Amino acid sequence: MANISLVKCPLLKQDKGEFRFSVEIFEQGYKTAIASKLRPRGIILVNPHNPLGDVYDEATIQPVLEFAAEKQLHVIVDEIYALSVFSNEKSFQSVLNYASLPDPIRTHFLWSFSKDFALSGTRIGVLYAGSVEACTIGSKLNFLMVPSVAIQNTLQSILHDREWTRAYIQLNQSRLTQKYEKVKKQIEQIDQNIRVRNAQAGLFLWIDFSSMLHHVTFDEETRLFQTMFDHGIYITKGSIFDCSQPGWFRLIFTVRDKWIDEGIERMRKALNTYRASSV
Numbered sequence: 000m001a002n003i004s005l006v007k008c009p010l011l012k013q014d015k016g017e018f019r020f021s022v023e024i025f026e027q028g029y030k031t032a033i034a035s036k037l038r039p040r041g042i043i044l045v046n047p048h049n050p051l052g053d054v055y056d057e058a059t060i061q062p063v064l065e066f067a068a069e070k071q072l073h074v075i076v077d078e079i080y081a082l083s084v085f086s087n088e089k090s091f092q093s094v095l096n097y098a099s100l101p102d103p104i105r106t107h108f109l110w111s112f113s114k115d116f117a118l119s120g121t122r123i124g125v126l127y128a129g130s131v132e133a134c135t136i137g138s139k140l141n142f143l144m145v146p147s148v149a150i151q152n153t154l155q156s157i158l159h160d161r162e163w164t165r166a167y168i169q170l171n172q173s174r175l176t177q178k179y180e181k182v183k184k185q186i187e188q189i190d191q192n193i194r195v196r197n198a199q200a201g202l203f204l205w206i207d208f209s210s211m212l213h214h215v216t217f218d219e220e221t222r223l224f225q226t227m228f229d230h231g232i233y234i235t236k237g238s239i240f241d242c243s244q245p246g247w248f249r250l251i252f253t254v255r256d257k258w259i260d261e262g263i264e265r266m267r268k269a270l271n272t273y274r275a276s277s278v
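Every letter in the sequence shown is one number past the one before it in this note's numbering, and letter 9, counting from 1, is 8.
No wet-lab data here; the hints were simulated from the structure.
Quantities reported herein were computed from a predicted structural model and do not represent experimental measurements.
Don't be surprised by glycine CBs; every beta carbon is placed ideally from N, CA and C.
Do not rely on the hints blindly, as some may be mistaken.
When the alpha-carbon atoms are kept at most 20 angstroms apart in a straight line, the in silico SDA-like pairs for lysine to any residue are as follows [unchecked claim]:
1) LYS183 <-> LYS70
2) LYS89 <-> ASN171
3) LYS7 <-> ILE75
4) LYS7 <-> GLU26
5) LYS184 <-> LYS70
6) LYS12 <-> PRO39
7) LYS139 <-> LEU109
8) LYS30 <-> LEU5
9) LYS236 <-> SER210
10) LYS181 <-> GLN191
11) LYS89 <-> ILE33
12) LYS236 <-> ARG274
13) LYS183 <-> LYS236
14) LYS181 <-> ARG267
15) LYS70 <-> LEU44
16) LYS12 <-> SER210
17) LYS268 <-> ASN171
18) LYS268 <-> ILE251
19) LYS178 <-> ASP260
20) LYS7 <-> PRO62
21) LYS89 <-> HIS213
22) LYS12 <-> ASN2
23) LYS178 <-> GLU261
24) LYS183 <-> LEU44
25) LYS139 <-> VAL45
26) LYS89 <-> LYS12
27) LYS70 <-> LYS12
Label pairs and their computed distance ranges (CB to CB) [to be verified]:
28) SER99 <-> ASP256: 23 to 31 angstroms
29) ASN271 <-> LYS30: 40 to 48 angstroms
30) GLU162 <-> TYR233: 35 to 43 angstroms
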């Protein structure tokens, strides 16, 4: 966006190697912005999180909302994976269902069909804004990006069939859970030094290959990525997500079993090639 500066708020605690969501990271981000002579205007949250696959409950989110209200910051909550929660996990709670919001006028909700309904590319979603002004701005942008009437009618028909929609969501969550557990196990069996982070939602695994790098640097992360790519594997390196620790990769697991099996075998060969490469 024009004249907009983004301040990153890393979730990774370098001393422990863990990703932790807390209000303190946003307080630090606010201080960083002020020190850089920027005027903080808002916070963007993604829940469930991409690429971690974490689900944050109301007790975790509320302190951030309270901090934002204190500083008069807008909060945009992107819940694009809201319905893609694994069936063995507790239900996801949308910010729209919280008992109370410290500043409802500055709290805004986003959702799209693209992930939960496997409709990437349709570019149709929902903005539930806390004020008329925000809705007005959104409608002006929507005028330039309005979905086709055919797509609108199709999705309207889907949502009107509530019985089908409920059954679809339940089946989708069940399949996501089964595929997540299967692929996580397959990845971990490749090498004991590979760590796959536990997740509660999403279409992806967050994998730590740092113990396999010749040197724990972003250059080596890129070398491993290129080796994977040369073997016909495309998984997104962590630096694309501004991860502050080299060696993390995101893998999408929502594909056919035969593709996963082939991908795992290619990954095994790629890692063998990387190990044998010169430092």
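Here is what the structure says about each hint:
1. The suggested pairing of LYS183 with LYS70 is violated, with an alpha-carbon distance near 41 angstroms, which exceeds 20 angstroms.
2. Restraint check: the Cα-Cα separation between LYS89 and ASN171 comes to about 16 angstroms, which is no more than 20 angstroms; the hinted pair holds.
3. For the hint linking LYS7 to ILE75, the alpha-carbon distance of about 15 angstroms falls within 20 angstroms, and the restraint holds.
4. Distance check on the hinted pair: LYS7 and GLU26 sit about 12 angstroms apart at the alpha-carbon level, within 20 angstroms; holds.
5. For the given pair, LYS184 sits about 44 angstroms from LYS70 by alpha-carbon distance, which is inconsistent with the 20 angstroms threshold.
6. At most 20 angstroms may separate the alpha-carbon atoms for a hinted pair to count; LYS12 and PRO39 exceed this at roughly 23 angstroms.
7. Between LYS139 and LEU109, the direct Cα distance comes to roughly 16 angstroms. Compliance with the 20 angstroms bound is thereby established for this hinted pair.
8. Proposed proximity of LYS30 and LEU5 is supported: the alpha carbons are some 13 angstroms apart, at most 20 angstroms.
9. In summary, the hint linking LYS236 to SER210 is supported, as the alpha carbons are separated by about 15 angstroms, within the 20 angstroms threshold.
10. The suggested pairing of LYS181 with GLN191 holds, with an alpha-carbon distance near 16 angstroms, which does not exceed 20 angstroms.
11. Annotation: proposed proximity of LYS89 to ILE33 is violated, straight-line Cα distance about 38 angstroms (limit 20 angstroms).
12. Distance hint between LYS236 and ARG274 is fulfilled; the C-alpha atoms sit about 18 angstroms from each other, no more than 20 angstroms.
13. Using a Cα cut-off of 20 angstroms, the hinted pair LYS183 and LYS236 holds, with the two alpha carbons roughly 17 angstroms apart.
14. Of the supplied pair hints, the one linking LYS181 and ARG267 holds, its CA atoms being roughly 16 angstroms apart against a limit of 20 angstroms.
15. At most 20 angstroms may separate the alpha-carbon atoms for a hinted pair to count; LYS70 and LEU44 meet this at roughly 16 angstroms.
16. Restraint check: the Cα-Cα separation between LYS12 and SER210 comes to about 17 angstroms, which is no more than 20 angstroms; the hinted pair holds.
17. Of the pairs offered as hints, the one joining LYS268 and ASN171 is violated, with about 31 angstroms between alpha carbons and a cut-off of 20 angstroms exceeded.
18. Restraint check for LYS268 and ILE251: satisfied, since their Cα atoms lie roughly 19 angstroms apart, inside the 20 angstroms limit.
19. The straight-line distance between the Cα atoms of LYS178 and ASP260 is roughly 12 angstroms, inside the 20 angstroms bound, and the hint therefore holds.
20. Taken as a hint, the LYS7 and PRO62 pair is honoured in the structure, with Cα atoms around 18 angstroms apart against an allowance of 20 angstroms.
21. At roughly 39 angstroms between alpha-carbon atoms, LYS89 and HIS213 are farther apart than 20 angstroms, so this suggested pair is violated.
22. Taking the CA atoms of LYS12 and ASN2, the gap is about 30 angstroms. The hint is violated against a cut of 20 angstroms.
23. Distance restraint check for LYS178 and GLU261: the Cα-Cα separation of roughly 15 angstroms lies within the 20 angstroms cut-off, and the hinted pair is therefore satisfied.
24. A hinted pair counts as satisfied when its Cα atoms are at most 20 angstroms apart, and LYS183 with LEU44 does not qualify at roughly 26 angstroms.
25. Annotation: proposed proximity of LYS139 to VAL45 is violated, straight-line Cα distance about 24 angstroms (limit 20 angstroms).
26. Of the supplied pair hints, the one linking LYS89 and LYS12 is violated, its CA atoms being roughly 26 angstroms apart against a limit of 20 angstroms.
27. Restraint check for LYS70 and LYS12: the C-alpha separation of about 25 angstroms exceeds 20 angstroms, so the hint is violated.
28. For SER99 and ASP256, the Cβ-Cβ distance of about 45 angstroms falls outside the hinted range of 23 to 31 angstroms, so the restraint is violated.
29. Separated by about 46 angstroms at the C-beta atoms, ASN271 and LYS30 satisfy the suggested range of 40 to 48 angstroms.
30. At about 38 angstroms, the CB distance of GLU162 to TYR233 agrees with the hint of 35 to 43 angstroms.
Hint check: violations occur at hints 1, 5, 6, 11, 17, 21, 22, 24, 25, 26, 27, 28; the rest are consistent with the structure.
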